[in-house]
Amino acid sequence: MGLRQDTAGEERDQTRATLAQLSETRKQRATDARDHEYERLRDELVVGHLRLVRFLAAKFVNRGEPLDDLIQVGTVGLIKAIDRYDLDRGVEFTTYATPTIVGEIKRYFRDKGWALKVPRRLQELNAAVVRAVERLSIERGRSPLVGELAEHLGASVEEIVEAQELSHAYNLASLDADIGSDDDPRSATISDRIGANDSELELLEDRANLERAMLALNGRERAVVYWRFFESLSQTEIAKRLHCSQMHVSRLQAKALEKLRTVLKE
Amino acid sequence: MTASNGESRDSVVVRIPRKAEWVAVARLAVAAVAIRLHFSYEEIEDLKLAVAEACTHAIRTETGETITVECEPFEDSLRVRIGTDDAEHEHDHADDIGLFLIRSLMDDVTYGRSGEILMTKRITT
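Residue numbers (the working numbering), protein chains in the order written: chain U, 232 to 497; chain X, 12 to 136.
Since the hints were derived computationally from the structure, they do not count as laboratory data.
Where a beta carbon is used, it is the ideal one built from N, C-alpha and C, also for glycine.
Using 20 Å as the maximum straight-line C-alpha spacing, the simulated EDC-like pairs for lysine to aspartate or glutamate come out as follows:
(1) X:30 - U:389
(2) U:343 - X:53
(3) U:290 - X:32
(4) U:343 - X:54
(5) U:290 - X:53
(6) U:290 - X:118
(7) U:290 - X:54
Taking CB as the label site, the calculated pair distances span:
(8) X:87 - U:314: 33 to 39 Å
(9) X:121 - U:366: 47 to 53 Å
(10) X:28 - U:440: 52 to 58 Å
(11) X:51 - U:467: 27 to 33 Å
(12) U:371 - X:99: 48 to 54 Å
(13) X:28 - U:471: 34 to 40 Å
(14) U:371 - X:124: 49 to 55 Å
(15) X:123 - U:321: 21 to 27 Å
(16) X:99 - U:366: 51 to 57 Å
(17) U:307 - X:86: 32 to 38 Å
(18) X:31 - U:268: 43 to 49 Å
(19) U:355 - X:125: 42 to 48 Å
Excised from the complex, chain X in its bound form (with noise of 0.2 Å):
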């Protein structure tokens, strides 16, 4: 682990079918790796939600079969990508509760360009 400007060394991926159904795993697979960081009870709640809202978000507007969940863990922050496996798709991040509530969980959300939401959830002790 290193801090959150370089890369992260110890990255944790999952890959659920796009179905509401194994969300639960994304989230709990979040969380698991999010305790190992030292993160509050809190703010482990906040990223089950953000992750929730994420997949939730690519199982309704993107497309594709597969959602990929990746955890990069730094020495002060967790870093989630979810993205789904069609880059292809025109993506709308414009305007949807679920991405509102996500900023207002997280540290900092920003879009990728194939439709991945990047957010991040500093560690505050």
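This is chain U alone, in the form it adopts within the complex (with noise of 0.2 Å):
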């Protein structure tokens, strides 16, 4: 709230008038940009929009990395904004500087290949959603509240319906392009072969290529694998997971080794 009145008014005033000193600095030392006058001039830009940052980057804090790390790379958006702004546009800097900073923590995001990694954020949380049901249920002899069950996990209650819901949905929509047929004339006798696999998996020393195959699995096929083979469940147990039948399940986990075991023979 406090940020509408900063941009107004005075401030806003006194950040054209730095603007436009740092742009006469850049034009008379076009030679030597990283002289004093200017960096001075710069350092109180950046101090002076540090709270627009702070402001933008606490919008991204829920996507899986600290607030600190955010309002850093914020800030190298910020320079790039005030280092680029060009006065003679008449855009306001803030209106300028916003997508810029935005700009540059989502390059962060994508850059740390974020993308893959929420999801399984998601997954864990839904997985460790699934235990702290369990546990609260035989504590307190009733199933818990959804707020219980946030606070239980060190989680939002909007997370917790996330999980549950969503990460679940997720899957579901943008996996079922890719499932494959479903009469699959090996699916019968998939049980016997999958002892085999499990050893094979054992012996696989080199995390690191195991890690790298495993991007090629779809989401689902992942959480097979995972819940299979890490976590030793059950194929029944991942079925109850994925809402889906035990017979899936076989199929999804012999799609998945039948994958790895590809990418690993590469």
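Hints are included, so try docking the two chains, each in its own frame, into the full complex.
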């Protein structure tokens, strides 16, 4: 709320004056942009807009990166905005700086491979919710409230709801496309092959290779492999979590292992 | 669903009280629609953030009892219309960081006559 006022009136005039000075300095000493005066004016502008950066960075804090890191990359965006800002274009500095700062923060997430990481985070939270429901139900003799789950797991109520409903729905929606034929003739015999696959997986010493290979799997297949081989859940248990049949899990697992094998052979 | 220049057939409308504690419901509703359209995770996070900002804007500067959030799914995009039930109020879209933020998260943002915000996010695949 304070930001609305920040950008208004005096502070805005001050910003404009400093930017004008900065622009002058830039023109005069184009050969030596690192000039002391330029730096001083730039610092002044950076400090004056840190609150904007903090405000924007805080909006992205539920995406799994520490606020301090986001403020840091946001500040890089702010500096870029200051360096690139052109007074003559007549746009308010805040109008100009906001997309640059947001852009920098978003690039940071992209570079960190965030798109892969967050679904996994939600999947983990989802698994944690399932465990917590069991535990709290036993402890309290009744089904826990979402608020209690949130408190227990140190997550927000919205995250719990999402982990339960949306991570599941998200996987379903995007993964149905490449699940393949349900009439796979191999499916009937797959349970026989699982034992062998299991030991093959155990023999894998190079976890890095496996991790790389796991990227070839879609979210559902990855979840099946993870739950089956790292958490040793039964196919029936996995079926319950994915709201599908045990046969389907069996097929997913076979397909996943097939993919892993292909990638690892390469 | 049709291309974004036409009318969307499957619109989803959620109406919440114009109070901060209901904004999460709007966020989740829009996210749920976006999931059906095969948006990526990051795009959905962006949408949720934009919805929250638009609702916050309505709470802070608009008047009225309720906020209506309408999702219009198209083949290649999702348009979200967020406005209050008070169309008479004077609207100020000039100087609000939240609106700048929305503009940097969405592909297209326009303001309706009655103070509503129309924002479109395209699906990139």
